[in-house]
Each structure stands twice: as structure tokens, then as C-alpha cells.
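Novice: Sequence:
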Amino acid sequence: QITENINSFLVGATVVLFTDTIPDTLTFGEDHWYKSKQIAFPGKNYTLRVSHTDFEEALSGDAFPSPVSFKLENFVARDIVNDWGDYFSSIDVVFNDDPYRNDFYEVKAKIGAIVRKESNGIFSGGTRSNDIVLKNEGYTEGIYTDDMAFSDALFNGDTCSLNIHFAYNDNVDYVYIILRSVSENYYRYKKSLYRYEVNSFSNILNSSNPVGLYSNIENGYGIFAGYSETVDSMYTYSEQHE
Numbered sequence: 039q040i041t042e043n044i045n046s047f048l049v050g051a052t053v054v055l056f057t058d059t060i061p062d063t064l065t066f067g068e069d070h071w072y073k074s075k076q077i078a079f080p081g082k083n084y085t086l087r088v089s090h091t092d093f094e095e096a097l098s099g100d101a102f103p104s105p106v107s108f109k110l111e112n113f114v115a116r117d118i119v120n121d122w123g124d125y126f127s128s129i130d131v132v133f134n135d136d137p138y139r140n141d142f143y144e145v146k147a148k149i150g151a152i153v154r155k156e157s158n159g160i161f162s163g164g165t166r167s168n169d170i171v172l173k174n175e176g177y178t179e180g181i182y183t184d185d186m187a188f189s190d191a192l193f194n195g196d197t198c199s200l201n202i203h204f205a206y207n208d209n210v211d212y213v214y215i216i217l218r219s220v221s222e223n224y225y226r227y228k229k230s231l232y233r234y235e236v237n238s239f240s241n242i243l244n245s246s247n248p249v250g251l252y253s254n255i256e257n258g259y260g261i262f263a264g265y266s267e268t269v270d271s272m273y274t275y276s277e278q279h280e
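According to the numbering used here, the residues represented by the sequence shown are 39 to 280, in order.
Where hints are given, some of them may not hold.
[As the list claims (entries may be wrong)] Below are the DSBU-like pairs computed for lysine-lysine, each with C-alpha atoms no more than 35 Å apart in a straight line: (1) 173 x 109; (2) 73 x 229; (3) 73 x 146; (4) 148 x 75; (5) 146 x 109; (6) 229 x 82; (7) 109 x 229; (8) 148 x 73; (9) 148 x 109; (10) 229 x 173; (11) 82 x 173; (12) 82 x 148; (13) 229 x 148; (14) 82 x 109; (15) 75 x 146; (16) 109 x 75; (17) 173 x 148; (18) 82 x 146.
Don't read these hints as lab results, they were simulated from the structure.
Start from the sequences and build out the full structure, keeping to the hints where you can.
Specialist: Structure below.
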């Protein structure tokens with residue numbers, strides 16, 4: 039189960055991260071993470087090599103895309119309401135796609151800090167959408183998800199205006215909209231993770247086939263991928279919305 043806590047760690051491995059051809063041997067810390075002090079940059083090719091005396095050498099690689107700027111349009115404070123009476127706001131995320139390559143993205147909305155109550159028990163509701171671009175990827179409006187990965191298959195080279203929903207709450211002044219430009223490995227992993235999470239809710243009355251998670255690790259299992267992100271905020275509070 040991918041949701042289970044890790045209770046064992048690989049100690050004594052040699053983990054080397056190559057930026058193009060320049061190696062950096064990662065340091066194993068008290069928190070059991072292997073870390074580098076280098077900052078990743080778009081356009082660089084990264085290769086990961088992990089060796090240990092008890093295992094075959096594991097290999098992977100990826101290149102991180104450049105961030106994409108966007109603008110926010112057509113904010114509606116209370117656009118829809120679900121079956122439990124929770125309101126959702128909507129907004130359009132508008133950006134231009136590069137016509138000379140296949141691009142992959144991820145979008146998410148993150149509710150800001152509570153400013154009118156001390157309680158943290160507010161409804162967050164994740165990020166949802168009925169937009170054809172996201173429906174084409176298999177996302178369902180009624181399914182809770184923090185973020186949604188998608189390709190430019192339906193708008194390659196054009197301006198994309200992506201409509202998304204996020205939870206309305208009159209105790210919050212701001213929502214942060216995040217658009218990530220992601221690698222294809224990242225996109226394929228997040229799509230498989232979404233299918234896995236949806237299928238994890240299956241029961242005897244609603245069964246589904248097993249879903250395997252995408253992996254790009256040679257001689258191992260997992261994901262090595264990256265993204266660049268752009269963040270903007272939207273002022274959402276108004277007394278007339280209450």
C-alpha cells in the first residue's frame with residue numbers, strides 16, 4: 039500500500055545525482071533522507087544512480103521543463119454547491135502553450151490561512167473541474183483530489199483557458215493557484231496515482247481492476263521526476279459573499 043508509513047530505510051547506499059555530466063554524491067541525514075544542496079534548474083538533464091552492496095544498481099533520469107506564466111480570469115465566489123451543501127468557487131487559469139513540443143502540466147488550488155476564526159477545521163475540498171481538458175484525462179468532478187495533471191493534447195500551441203473549482207469559505211481571504219510545468223514521467227506517475235486512489239475506494243458493490251503505479255526506475259520501483267511551478271493568488275473574500 040502506497041499510503042502506508044515507511045518503517046525501514048536503506049542505510050549505506052551511495053546516491054549520486056548527475057547534473058548533465060557533473061556528479062554530486064548525496065548525504066544521508068538523521069531523518070533517513072539522502073539530500074543534495076544543489077538547486078534544480080529547468081533545461082538541465084538529471085541522472086540518478088543508487089548503488090548498494092546488497093542490490094543491483096538503480097538508475098533513472100529526467101529533465102525538468104521551464105515554468106509557464108498564467109493569468110486568472112472570471113472568478114465566481116459561489117459557482118456550484120455539492121450534495122452536502124458545500125459551495126465551490128470557480129476561476130479560469132489562462133496560459134499559452136508551446137506549439138513545438140508536447141507539454142504536460144499540473145494545476146491545483148490551495149486555500150490560504152484563516153483570518154476570521156481561530157479554528158483550522160474548515161472545508162478545503164481539494165481541486166475539481168468539469169473542464170473538457172481535465173475530463174479528457176479521466177478526472178471526475180465528484181472525486182476529491184489535491185491536484186490534476188494533464189497534457190496539451192486538446193490545445194497544443196493554443197491559449198488554454200482551464201476552468202477549475204475550489205472550496206468557498208468566508209473565513210479565508212485568499213486562494214493560491216498553482217500551475218506546474220511537469221515532465222512526462224511526472225505526468226504519467228500522477229495519472230496512475232489518481233487511478234490508484236480512485237480504485238482504492240472500491241468495495242464489493244463497486245469493484246474495479248487493480249492499477250499499477252507508473253515507475254521510471256531501472257532495477258527498482260518508484261519515480262524520479264521534476265516540475266517547475268508558477269504561483270498566483272486571488273483575493274476571494276467579500277462581505278457580499280456571506
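Novice: Any hints this thing doesn't respect? Which numbers, in order?
Specialist: Nothing - there is no hint that the structure violates, so all of them hold.
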